[in-house]
Amino acid sequence: MHKFEYASPTTKEQAVALLGKSWSEAEALAGGTDLLSLMKDYISTPARVVNLKGIKELGGISPTRGGVRIGALATIEDLRDKLKGYDAITQAASGITSPQIRNMGTVGGDLCQRPRCWYYRGGFGVLAQGENGEPLVPNGDNRYHAILGNGGEAKFVHPSSLGPALIALGAKIGVFGPGGARQVEAAKFFVTPKSANDRETVLAPNEIVTEIVVPANLGGTSATYEIRQREALDWPLAAASVVLKLDAGKKVKSAAIVLGHVAPTPWVAAEAAQFLAGKTIDEDVAAEAGKIALANAAPLSRNAYKVQLARVAVKRALLKAAGLM
Amino acid sequence: MAEYKWPEEGKRSLIGKRIKRLDGPDKVSGKAKYTFDINRPGMLFGKMLRSPHAHAKIVSIDTSAAEKMPGVKAVKIIQGPGSEIQWAGDEIVIVAAVDESTAEDAVRAIKVQYEKLPHFVDERDLSKIPQQYRRPPTAQTKGEPDKAFAEAGAVIEGVYGNEVITHCCLETHGLVSEWVDDKNVMIHPSTQSVTAVGGELARALGLPAGNVHVHMDHVGGGFGSKFPIDRWGIETTRLSKLAGGKPIKTMLERDAELTVAGTRPSAYARVKVAATKEGRITAWESESWGSGGVAGTGMPPYPYVWQIPNAKTRHNSIITHTGPQRAWRAPNHPQACLVTMSALEDLAAKLGMDPLDFFLKNIEMTGVRANVYKEELLKAAEMIEWKKLWRPRGEGAVGSTKTVKRGLGLSLHTWGGGGHASDCDLTIHPDGSVDLKMGTQDLGVGTRTVLAIVAGETLGLPVNAIKINIGDNRYPPSGSSGGSTTVGGISASTRRASVDAVNALFEKVAPAMNTTPDKLEAVGGKIQEIGKPTNSMTWKQACAKLGTQPITMRGKQPGKETLTNQGVGGVQMADVSVDVETGIVKMNNFIAVQDCGLIIDMKTAESQVFGAMIMGVTFALYEERVMDQQTGRVLNPNMEFYRLAGLADIGNFKVHMMTGKGYDERGVIGLGEPPTVSPGAAISNAVANAIGVRVGTIPLTPDRVLAALAKKGGSNA
Numbered sequence: 001m002h003k004f005e006y007a008s009p010t011t012k013e014q015a016v017a018l019l020g021k022s023w024s025e026a027e028a029l030a031g032g033t034d035l036l037s038l039m040k041d042y043i044s045t046p047a048r049v050v051n052l053k054g055i056k057e058l059g060g061i062s063p064t065r066g067g068v069r070i071g072a073l074a075t076i077e078d079l080r081d082k083l084k085g086y087d088a089i090t091q092a093a094s095g096i097t098s099p100q101i102r103n104m105g106t107v108g109g110d111l112c113q114r115p116r117c118w119y120y121r122g123g124f125g126v127l128a129q130g131e132n133g134e135p136l137v138p139n140g141d142n143r144y145h146a147i148l149g150n151g152g153e154a155k156f157v158h159p160s161s162l163g164p165a166l167i168a169l170g171a172k173i174g175v176f177g178p179g180g181a182r183q184v185e186a187a188k189f190f191v192t193p194k195s196a197n198d199r200e201t202v203l204a205p206n207e208i209v210t211e212i213v214v215p216a217n218l219g220g221t222s223a224t225y226e227i228r229q230r231e232a233l234d235w236p237l238a239a240a241s242v243v244l245k246l247d248a249g250k251k252v253k254s255a256a257i258v259l260g261h262v263a264p265t266p267w268v269a270a271e272a273a274q275f276l277a278g279k280t281i282d283e284d285v286a287a288e289a290g291k292i293a294l295a296n297a298a299p300l301s302r303n304a305y306k307v308q309l310a311r312v313a314v315k316r317a318l319l320k321a322a323g324l325m
Numbered sequence: 001m002a003e004y005k006w007p008e009e010g011k012r013s014l015i016g017k018r019i020k021r022l023d024g025p026d027k028v029s030g031k032a033k034y035t036f037d038i039n040r041p042g043m044l045f046g047k048m049l050r051s052p053h054a055h056a057k058i059v060s061i062d063t064s065a066a067e068k069m070p071g072v073k074a075v076k077i078i079q080g081p082g083s084e085i086q087w088a089g090d091e092i093v094i095v096a097a098v099d100e101s102t103a104e105d106a107v108r109a110i111k112v113q114y115e116k117l118p119h120f121v122d123e124r125d126l127s128k129i130p131q132q133y134r135r136p137p138t139a140q141t142k143g144e145p146d147k148a149f150a151e152a153g154a155v156i157e158g159v160y161g162n163e164v165i166t167h168c169c170l171e172t173h174g175l176v177s178e179w180v181d182d183k184n185v186m187i188h189p190s191t192q193s194v195t196a197v198g199g200e201l202a203r204a205l206g207l208p209a210g211n212v213h214v215h216m217d218h219v220g221g222g223f224g225s226k227f228p229i230d231r232w233g234i235e236t237t238r239l240s241k242l243a244g245g246k247p248i249k250t251m252l253e254r255d256a257e258l259t260v261a262g263t264r265p266s267a268y269a270r271v272k273v274a275a276t277k278e279g280r281i282t283a284w285e286s287e288s289w290g291s292g293g294v295a296g297t298g299m300p301p302y303p304y305v306w307q308i309p310n311a312k313t314r315h316n317s318i319i320t321h322t323g324p325q326r327a328w329r330a331p332n333h334p335q336a337c338l339v340t341m342s343a344l345e346d347l348a349a350k351l352g353m354d355p356l357d358f359f360l361k362n363i364e365m366t367g368v369r370a371n372v373y374k375e376e377l378l379k380a381a382e383m384i385e386w387k388k389l390w391r392p393r394g395e396g397a398v399g400s401t402k403t404v405k406r407g408l409g410l411s412l413h414t415w416g417g418g419g420h421a422s423d424c425d426l427t428i429h430p431d432g433s434v435d436l437k438m439g440t441q442d443l444g445v446g447t448r449t450v451l452a453i454v455a456g457e458t459l460g461l462p463v464n465a466i467k468i469n470i471g472d473n474r475y476p477p478s479g480s481s482g483g484s485t486t487v488g489g490i491s492a493s494t495r496r497a498s499v500d501a502v503n504a505l506f507e508k509v510a511p512a513m514n515t516t517p518d519k520l521e522a523v524g525g526k527i528q529e530i531g532k533p534t535n536s537m538t539w540k541q542a543c544a545k546l547g548t549q550p551i552t553m554r555g556k557q558p559g560k561e562t563l564t565n566q567g568v569g570g571v572q573m574a575d576v577s578v579d580v581e582t583g584i585v586k587m588n589n590f591i592a593v594q595d596c597g598l599i600i601d602m603k604t605a606e607s608q609v610f611g612a613m614i615m616g617v618t619f620a621l622y623e624e625r626v627m628d629q630q631t632g633r634v635l636n637p638n639m640e641f642y643r644l645a646g647l648a649d650i651g652n653f654k655v656h657m658m659t660g661k662g663y664d665e666r667g668v669i670g671l672g673e674p675p676t677v678s679p680g681a682a683i684s685n686a687v688a689n690a691i692g693v694r695v696g697t698i699p700l701t702p703d704r705v706l707a708a709l710a711k712k713g714g715s716n717a
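Line by line, the protein sequences are chains C and V.
Using this note's numbering, read the first sequence as starting at 1 and increasing by one per residue.
Using this note's numbering, read the second sequence as starting at 1 and increasing by one per residue.
It is worth saying that the hints were derived from the structure and are not from the lab.
All residues carry an ideal CB built from backbone N, CA and C; glycine is no exception.
A portion of the hints provided could be inaccurate.
What the hints assert, rightly or not - Derived PhoX-like pairs: lysine-lysine, alpha-carbon spacing no greater than 25 Å straight-line:
#1 V:711 to C:40
#2 C:3 to V:711
#3 V:711 to C:291
Said to hold, decoys possible - Short, incomplete list of chain V residues facing chain C, as computed with Cβ under 7 Å:
#4 99
#5 101
#6 170
#7 582
#8 584
#9 624
#10 626
#11 628
#12 630
#13 648
#14 703
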């Protein structure tokens with residue numbers, strides 16, 4: 001690990017002042033479950049590490065008039081303990097089956113963690129390029145890579161557990177930087193990097209996530225379904241978070257479907273959600289929504305199986321949200 | 001003359017009972033010290049520069065920047081310019097620094113120029129392996145296979161196999177090494193070979209063997225990969241000399257552990273196997289291939305266990321630029337077992353036979369242990385409720401639903417085992433205390449406990465009355481722990497030492513008890529006259545008769561009378577559920593029935609089978625080293641994508657050890673390897689039974705299971 005300067009500010013203003021104009025200058029540290037391994041592997045070599053854990057206002061989970069505010073430093077375990085009525089979020093949190101990571105990892109960190117692509121982690125950059133800039137994923141072992149949104153150079157899947165649920169629930173992400181505070185819709189928070197120096201979110205190097213504001217899912221239900229090989233800590237091979245609002249006749253008034261672990265960002269399946277409008281959820285309808293959600297999938301050489309898994313994730317998340325599973 | 005045989009059933013106070021391992025409390029409380037825990041005053045940390053290329057020639061090395069870095073104490077080139085690197089991760093330079101991160105930074109400051117050479121790392125598809133990476137094939141024929149296939153009532157053909165796996169020791173390889181003076185070295189290695197590893201290091205350094213002192217209390221896993229001193233052990237010791245003799249701790253990083261510290265070779269085979277209409281196996285044909293690195297790999301023993309009268313085998317040893325193979329619990333057996341038992345289960349399915357009946361029908365083909373296998377098959381079938389739950393392939397066992405199919409599978413296996421050479425010193429002190437010294441090692445399997453049981457049994461004392469001293473090469477030599485030979489070796493030498501020591505004590509106390517030594521026995525903490533227990537002395541009173549001189553006796557294995565044996569058989573049956581929409585396999589129940597001669601400690605014996613089954617579930621469902629042909633690197637040298645089963649993944653285990661008549665009187669045999677052999681085959685067979693199609697290659701990951709389901713109905717070839 002390269003030597004680095006360590007700063008532990010107590011206000012968000014101090015924190016952003018300590019962060020740099022470029023990513024190599026500084027990294028923000030929260031739970032550290034991702035950053036430490038990136039630094040130990042020399043994937044990230046910041047000159048300064050800015051610990052955010054001392055900033056009190058970034059913590060906590062508290063009700064607001066129209067929903068709930070989740071502090072960026074709330075841990076994954078806090079979500080399971082304190083959040084009620086947002087099943088898609090708490091179920092996604094429970095999918096992280098390591099108690100250590102749930103207790104150290106933070107909500108903000110879950111959104112800002114870097115991809116698990118094994119070429120990236122092996123030192124070939126987030127776009128997975130060989131010595132001569134050649135793309136390694138298409139001709140390499142891409143069994144865990146993207147099946148959607150993979151037409152550009154980025155082929156990894158975004159690892160966030162909570163992102164799809166937050167998008168499905170219409171959450172907003174609070175961001176703070178030198179220019180002050182701003183709110184970003186969760187659906188617009190994640191971006192696909194175009195160059196090896198880009199990151200996977202809209203954050204500038206000197207911005208931090210401060211909070212997540214989730215509107216109450218009034219009259220609705222939500223669910224997350226992960227397809228994970230192991231019960232022990234394991235990354236999902238595909239996941240779906242859904243929100244359903246039903247009318248008195250149990251027909252769908254509105255729906256949201258967001259896939260995880262299939263694309264460089266959480267993947268909004270708008271057409272599949274529209275298809276559900278006016279329908280009664282049953283196994284066939286849910287399966288059809290799954291098919292529509294994956295209609296544009298473009299698997300790589302070794303990951304066609306993920307299309308099937310993502311379809312099933314959508315189907316089962318819908319059945320779960322509808323109380324049918 | 002002393003008699004060393006094992007006590008008969010009914011006369012055993014400790015042997016065969018369920019006794020908790022003596023070092024359990026130390027391990028769960030963190031008191032047990034592993035090599036990773038050794039911290040010596042002034043200790044430095046060793047790190048190595050490794051080749052990023054799978055095949056390359058070293059052109060030049062510039063270590064000057066690293067040497068100048070503050071905190072760097074020594075730098076040593078391991079493979080200089082001109083050396084040819086044969087796998088990514090091979091060691092080139094070693095650095096010692098005051099802390100780990102400085103050492104890592106120094107490694108990264110070293111500049112190496114390579115001349116890249118072509119590499120090959122992906123041996124999975126035989127038809128795509130270039131000629132220069134194939135050794136000349138070996139072929140063997142017995143009987144008349146062509147004729148037998150022509151006359152067969154049923155023939156199946158399939159491709160079966162498993163990927164390379166690593167040992168993935170939770171404690172990585174490494175050691176702490178220091179020069180205590182300019183002629184003597186002390187090491188704390190993580191090893192399976194306390195007695196032998198010191199001599200190996202001494203030879204490399206040109207020192208007399210007695211100048212290397214080895215000590216190790218606990219080891220965090222070896223599985224066959226921790227016999228040698230290894231290049232990093234030798235080079236760390238040389239580096240320590242360069243650093244003025246200071247202790248240096250070099251422990252492999254996790255990625256290095258999974259890249260260079262040992263693998264089990266891959267094994268793939270295209271198999272044809274035939275039977276008569278009535279289900280009698282008649283012929284085998286296989287073309288196999290696999291790789292264990294640049295040395296290739298030999299053919300696993302195909303067909304496994306079953307002595308099929310007509311057989312033709314052809315094997316291709318494939319050269320890959322990958323980290324070299326090492327012995328891995330039951331070398332070659334799990335691969336041979338997977339391929340053979342999978343093909344036979346497919347044949348049974350084709351014949352429309354229950355594989356249990358099919359195995360029983362052909363059981364005489366298993367040779368000398370046919371009766372053991374038969375007894376074990378019936379026992380395992382009863383434990384898993386085979387006849388109640390099993391349904392023909394693809395129908396789904398009892399309890400299946402539309403999306404979750406249940407299946408049952410079985411397998412059987414063999415292993416040699418035995419008793420390695422071992423010397424034991426047993427000392428009875430005048431104060432009644434007893435201690436035992438032996439240069440063996442406890443791999444976490446209960447070696448200490450076994451020693452205390454054998455000595456305690458012989459001396460009529462409880463296990464906690466015996467002080468066990470092991471893990472040091474200044475104790476009497478004992479063999480390396482490999483091949484399931486430790487328990488046989490150490491229990492035999494301990495039995496002999498204990499018998500001789502207690503006989504010597506009898507000599508001392510007999511006059512005071514008005515009898516002769518041959519009339520005395522040591523039972524329940526007393527020395528007493530046989531048949532006249534009122535004439536007795538407490539153990540302590542008896543030992544007091546020694547005056548000031550303790551008794552020390554050396555027991556040797558091998559020695560007079562045979563206390564060990566070789567050759568065991570085991571049967572395993574798996575009950576799984578497969579989600580046919582996701583391809584995810586879950587373990588329900590997993591049964592192991594195993595013989596291993598006389599069992600010294602039932603509890604640690606069962607524990608060893610449990611451990612093997614956990615490794616077996618991991619092998620069957622999760623574990624594979626993934627190589628990238630483009631970069632020549634391992635893609636998953638971590639415990640994130642090199643998956644091991646967690647507790648929630650293993651299902652319910654039941655173990656039954658065969659004991660009593662026909663088993664106990666064989667003597668002690670050993671258990672490390674046999675139960676690791678069958679899991680891959682039993683679980684693969686259970687999955688085939690559940691989903692109605694063979695998943696040819698394990699691990700049985702969702703992609704493979706879904707691909708097999710997609711072509712259901714066809715052969716897997």
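Structure-based check of all given hints:
{"no.": "1", "hint": "V:711 to C:40", "result": "violated (44 Å)"}
{"no.": "2", "hint": "C:3 to V:711", "result": "violated (54 Å)"}
{"no.": "3", "hint": "V:711 to C:291", "result": "holds (20 Å)"}
{"no.": "4", "hint": "99", "result": "violated (10 Å)"}
{"no.": "5", "hint": "101", "result": "holds (5 Å)"}
{"no.": "6", "hint": "170", "result": "violated (14 Å)"}
{"no.": "7", "hint": "582", "result": "holds (5 Å)"}
{"no.": "8", "hint": "584", "result": "holds (6 Å)"}
{"no.": "9", "hint": "624", "result": "violated (11 Å)"}
{"no.": "10", "hint": "626", "result": "holds (6 Å)"}
{"no.": "11", "hint": "628", "result": "holds (5 Å)"}
{"no.": "12", "hint": "630", "result": "holds (5 Å)"}
{"no.": "13", "hint": "648", "result": "holds (4 Å)"}
{"no.": "14", "hint": "703", "result": "holds (4 Å)"}
The structure does not agree with the numbered hints 1, 2, 4, 6 and 9 stated previously, though it agrees with the rest.
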